[in-house]
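Novice: Chain by chain, the residues:
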Amino acid sequence: MTSELDIFVGNTTLIDEDVYRLWLDGYSVGDAVALRVRSGILEQTGATAAVLQSDTMDHYRTFHMLERLLHAPPKLLHQLIYQIPPSRQALLIERYYAFDEAFVREVLGKKLSKGTKKDLDDISTKTGITLKSCRRQFDNFKRVFKVVEEMRGSLVDNVQQHFLLSDRLARDYAAIVFFANNRFETGKKKLQYLSFGDFAFCAELMIQNWTLGAVGEAPTDPDSQVDDMDMDLDKEFLQDLKELKVLVADKDLLDLHKSLVCTALRGKLGVFSEMEANFKNLSRGLVNVATKLTHNKDVRDLFVDLVEKFVEPCRSDHWPLSDVRLFLNQYSASVHSLDGFRHQALWDRYMGTLRGCLLRLYHD
Amino acid sequence: MPGKLKVKIVAGRHLPVMDRASDLTDAFVEVKFGNTTFKTDVYPKSLNPQWNSEWFKFEVDDEDLQDEPLQITVLDHDTYSANDAIGKVYIDIDPLLYSEAATVISGWFPIYDTIHGIRGEINVVVKVDLFNDLNRFRQSSCGVKFFCTTSIPKCYRAVIIHGFVEELVVNEDPEYQWIDRIRTPRASNEARQRLISLMSGELQRKIGLKVLEMRGNAVVGYLQCFDLEGESGLVVRAIGTACTLDKLSSPAAFLPACNSPSKEMKEIPFNEDPNPNTHSSGPSTPLKNQTYSFSPSKSYSRQSSSSDTDLSLTPKTGMGSGSAGKEGGPFKALLRQQTQSALEQREFPFFTLTAFPPGFLVHVGGVVSARSVKLLDRIHNPAFVGIMGNTRSYKLLDWNSFNSDEPETRDAWWAEIRQEIKSHAKALGCHAVVGYSESTSICEEVCILSASGTAAVLNPRFLQDGTVEGCLEQRLEENLPAGCGFCHIPYDELNMPFPAHLTYCYNCRKQKVPDVLFTTIDLPTDATVIGKGCLIQARLCRLKKKAQAEANATAISNLLPFMEYEVHTQLMNKLKLKGMNALFGLRIQITVGENMLMGLASATGVYLAALPTPGGIQIAGKTPNDGSYEQHISHMQKKINDTIAKNKELYEINPPEISEEIIGSPIPEPRQRSRLLRSQSESSDEVTELDLSHGKKDAFVLEIDDTDAMEDVHSLLTDVPPPSGFYSCNTEIMPGINNWTSEIQMFTSVRVIRLSSLNLTNHALNKNFNDLCENLLKSLYFKLRSMIPCCLCHVNFTVSLPEDELIQVTVTAVAITFDKNQALQTTKAHVEKSLQRASTDNEELLQFPLELCSDSLPSHPFPPAKAVTVEKTSPMGEGNFRNRSAAPCANSTVGVVKMTPLSFIPGAKITKYLGIINMFFIRETTSLREEGGVSGFLHAFIAEVFAMVRAHVAALGGNAVVSYIMKQCVFMENPNKNQAQCLINVSGDAVVFARESELEVVSTQQPAANCQPACTGGEVTT
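Going down the list, the protein sequences come from chains X and S.
For the first sequence, counting from 1, position 261 maps to 261 in the working numbering; every step adds exactly one.
To convert, count from 1 in the second sequence and add 364; that's the working numbering.
Careful: at least some of the hints might be erroneous.
[As the list claims (entries may be wrong)] Among chain X residues calculated to face chain S with C-beta under 10 angstroms, some are:
hint, residue
1, SER3
2, LEU5
3, ASP6
4, VAL9
5, VAL51
6, ARG143
7, LYS146
8, VAL147
9, GLU150
10, LEU265
The hints are simulated quantities; they were obtained by calculation from the structure and are not laboratory data.
Here the structure is a predicted model, which means the values were calculated and not measured.
By construction, the Cβ of each residue, glycine as well, lies at the ideal position given by its N, Cα and C atoms.
Bound conformation, chain X alone (with noise of 0.2 angstroms):
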């Protein structure tokens, strides 16, 4: 006797919270089976393992149906074929689109093509996440760029609207999708004790001040060519930044700056020496990284060079975390007294978002 068809079909769709996450994990039907039985469900409701088996296998039919709609979650809202109350709709999407922070490590800031989908073996093997969920999560990442892509206005917004995510998610994709067109370099061994978090962080700041929608105007001519308003940083805006040069080209502006800052930090600051020993390296550090910005290749090394040209160096000399805020909201305001300096404005928005970005890369 063998069971050639087995359905279940409710009126509503039945889904099990924990099937479901079986399958985004990608786990075979039997692989999902023996994990449910070692978690007791067949001693605590009595069921046979075949009761179980055939269970899990109609879930995953159902799952399987559902994934072409979530692959547009607005149709999944407006589809007739499968009833389901709008609470399991918003769960089925948030979950789908839910990825692991192991995976999302490996990828942020790669080229989301095809030659990063063939290293998908590797990062499957390397985190330990099945390959069809590590799949999935590529996909959804691809999917989510491809439509937000050309789209003006709010990312954020835009991948709330298109892919009905929570407002936390749905940053996250922005964030991601910010690095993949940036392609900022994540993977550097120096930069592994970062979380995705902490990318994540500098992504809204970065986008909230540094790309063109983060000027608050939308662009009069509706013509013109700056369509990803939120995606790309501000070429304007970037190559302004060669303007900060002066403060460390210039010797006495330099020099002004330092006792500017060590004046107002004396006593305060526990690193306080090791401060005045290293301002002008880390003064340097930071106005050179805001001038080379002009160019594609570093850009793409932002973090690498934050974390090489300031954190790494405060960290080997021990500065406790507010110490580093001391020292840079006294580093960023000190500019202001800076009478030769006309790009006071300028300054601001770069420094407002690199020094948020900098306290946030500051752990171990």
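Use these hints to put chain S onto chain X, whose structure you have.
Specialist: Same frame as chain X, but now just chain S:
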């Protein structure tokens, strides 16, 4: 020109990509009704076209309006080649034809293609302007309402219940036409879908005509089925109960949208077709041929009644000269005084209802059933067979010239069976059959026709032109011990049709009751039940040699009585094992396959307080000398006794102890033990001696004389009870539970197993089948575990044998959660209340029905308020008020449509019936593997069928389907060719319901709604 149909095509969405190059579609729509077609403009390059068309107007006869579906085809425009069809939508416009149902059909319909499934949606608006037509010769029956619900619909009151209506139409199956060999599967499927839709419409119209003729205005318990007879054609048949219904909110009697025909109409032959064109597509069944001659061909009929012994049948009346539903005489005996009444015309006093207004059902006799085996290649008039010689050649001829004879053959078959049923009922001392249904099982050219129902004595006052309420009013004071009346035997105890064990009713102690009661109806609302009920199934397989034609039919006929007997034995054993004494909703399905017969009986067991406590089951061994054997027997006996005790606890069966004296002396008749022996062994006398030691006077004896019997006992014990928190029943509601919450989940589950063909034995087969059903139930319990505490209601199993080694089981049911903590005593209070209202005057009615009838004739005009009470006793009920935790229907773009096989929605009140939903779909694939194999294919298809039902209901303005039933799910596969095909037929009533909490706001306008909270308010304890 009595009607104008107006259609507007608004927009489409989610269309499939038809042009690979552009990834877009140039869609347009063809709107077809009858022979007229309109087209919209092409909306270029869009998957979400906005046609916003003008109103397409069709001027048509109302007859066509009833028969024809509106056919909407979405196509992709192609400049260079033929336009590609994207898919179709068939809309049944019948709901627009009666005045108080839907007024407009408007909404998004899934675009369906028989090969690709649902491909996007289309927004359509449909309206009908009906002109009143006073033509007396008309063929239409617009205005007659149809309900699938097998009880009086919730917002109506039955003024008169007229009785049985039936009709069938026959056509050739397009799938078997010669042209099928050259056309595409899609064309074939569509031809079939369209034909069935057309035939359904025609059938409904004809039934409607009969109803008008009986001066009714509605059909309740409408059950339409189709028989795919293959080569010999396609039969669409329907039965129902004609009623005159009155809408509760309006005191004025309802009038059909079209004037009801005048009385003389009956004399006018209907075959004069005023419009010869209308029947071009389907054959007509002229009503003039009312006298049927039975086909001289041999019929392999083997009828057996449900009762243990063969009834010696009373002479068949009306055979040969009888006509379907017109003349009829036998019923005269009962109501001979009322010549004017509609009863006169009833040949078959059958009712498809399973639940009744209080006081309607007086006594219940027991289940009556009849089966008959027929050969399908014999259906044609023998003259034709003689002429043509071979059955295939007729296909090349004009079909229409033949098939006017066909319905008669089928009608004759059914008439024969119905006569049988009627005589069984008579033998049980009953004049009517309730809970009546008919079914067929077809394999190749053999067809088993089955009919079953419950013999009953009815209160005739509901059946005639008079006033129900007046009578009820009159009877109120008499206040007889109700709640047991229906259990009292209707037959003469000295001349019993079968050996039964009678005792005085445990409730009123006045009348005799049988020891067990089997019925096909729902548990009457006023019945006093102890504890809870449970689903009881008997399952049985019998191998059969493969044979051809007559030999095959003979073999089946020979097997049938054995199957019936064993099914009955199993049911009885399982009932005893549960410690219960009555079965409700009994449905025995016998399915025929190539090499086996399957029997599946489902029913809901309960403990009726009026019936005696069932005795235990006694096991008797054949070789009492063997010590170890004896030990084994006693071990089993102990197990059985334990199980009974456990079940009693599980189902809370603890009837009050009643001492013998109160019950009275033993019944005068010979004290015959109701004993069923598994095999007719010569040692039965010995057994009788043996079990006396047990002391229990009505113990049930199981004799174990071979391994088969041993297995049977084992299988009895292997039926696992549902996990705790779960109950199941196949009736509308679970006896003993009434505090339903509003959470419901309707589902369909299908399983097909392949039997290993090697040395199949009856025994192995039984085990396989039993496991299949048990596992299916276990899966359901597991899947629905999140709804605990919950009850599976209206569990409906269907078995089919699609191929040699395949068994297919389809289950449709609804899971309803209930609140465990809510007080259960509300049932009692409710029952008591309804008891007072009930007017079951058993004694008098039993003996002098005629006097009573005449009594009641001078009727009082009934106050409309009375209607409320009738409605109030509906089984859904009171418990719901306790639970207003209406599920928050969050705002979604797609409105939620509930589906349920029940006639009510827990926690809600049905405010409007929008019309019947009757849909037939075919789905076929040539890429089975790619669609996820058979499971993927069928899963998707059933989901699509649900979606289409929901969309139609939503377009009618409804939010639920009640009395939903999947009447057919025919699945065929050919994995080698990567192909599969499935046909599904579903029906139900589209309704609008409102949550009880919402209703209270408007209760002032509705007396019914007004009354309920008032009645129940005092009982709210938590």
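Novice: So, for every hint listed, does it hold in this structure?
Specialist: Here is how each hint holds up against the structure:
Restraint check, SER3 (chain X) versus chain S: the minimum CB separation of about 6 angstroms is within 10 angstroms; hint holds. Look at LEU5 (chain X): its Cβ gets to within about 4 angstroms of chain S, closer than 10 angstroms, so that hint holds up. Because the smallest distance between the Cβ of ASP6 (chain X) and any Cβ of chain S comes to about 5 angstroms, under 10 angstroms, the interface hint for this residue holds. Annotation: interface hint on VAL9 (chain X) holds; nearest CB of chain S at approximately 4 angstroms, less than 10 angstroms.
Of the supplied interface hints, the one on VAL51 (chain X) holds, with its beta-carbon coming within about 5 angstroms of a beta-carbon of chain S, less than 10 angstroms. With 10 angstroms as the threshold, the beta carbon of ARG143 (chain X) stays out of range of chain S, its nearest partner Cβ sitting at about 16 angstroms, so the hint is violated. Interface restraint check: LYS146 (chain X) against chain S, minimum CB-CB distance 14 angstroms, threshold 10 angstroms, status violated. The closest approach between the C-beta of VAL147 (chain X) and any C-beta of chain S is roughly 15 angstroms, which is over the 10 angstroms cut-off, so the hint fails.
Evaluation of the GLU150 (chain X) hint against chain S yields a violated restraint, the C-beta minimum of about 16 angstroms exceeding 10 angstroms. Annotation: LEU265 (chain X) was flagged as interfacial toward chain S, and the flag is violated, the nearest CB pair being 55 angstroms apart, outside 10 angstroms.
Violation of the numbered hints given earlier is confined to hints 6, 7, 8, 9, 10; the remaining hints are satisfied by the structure.
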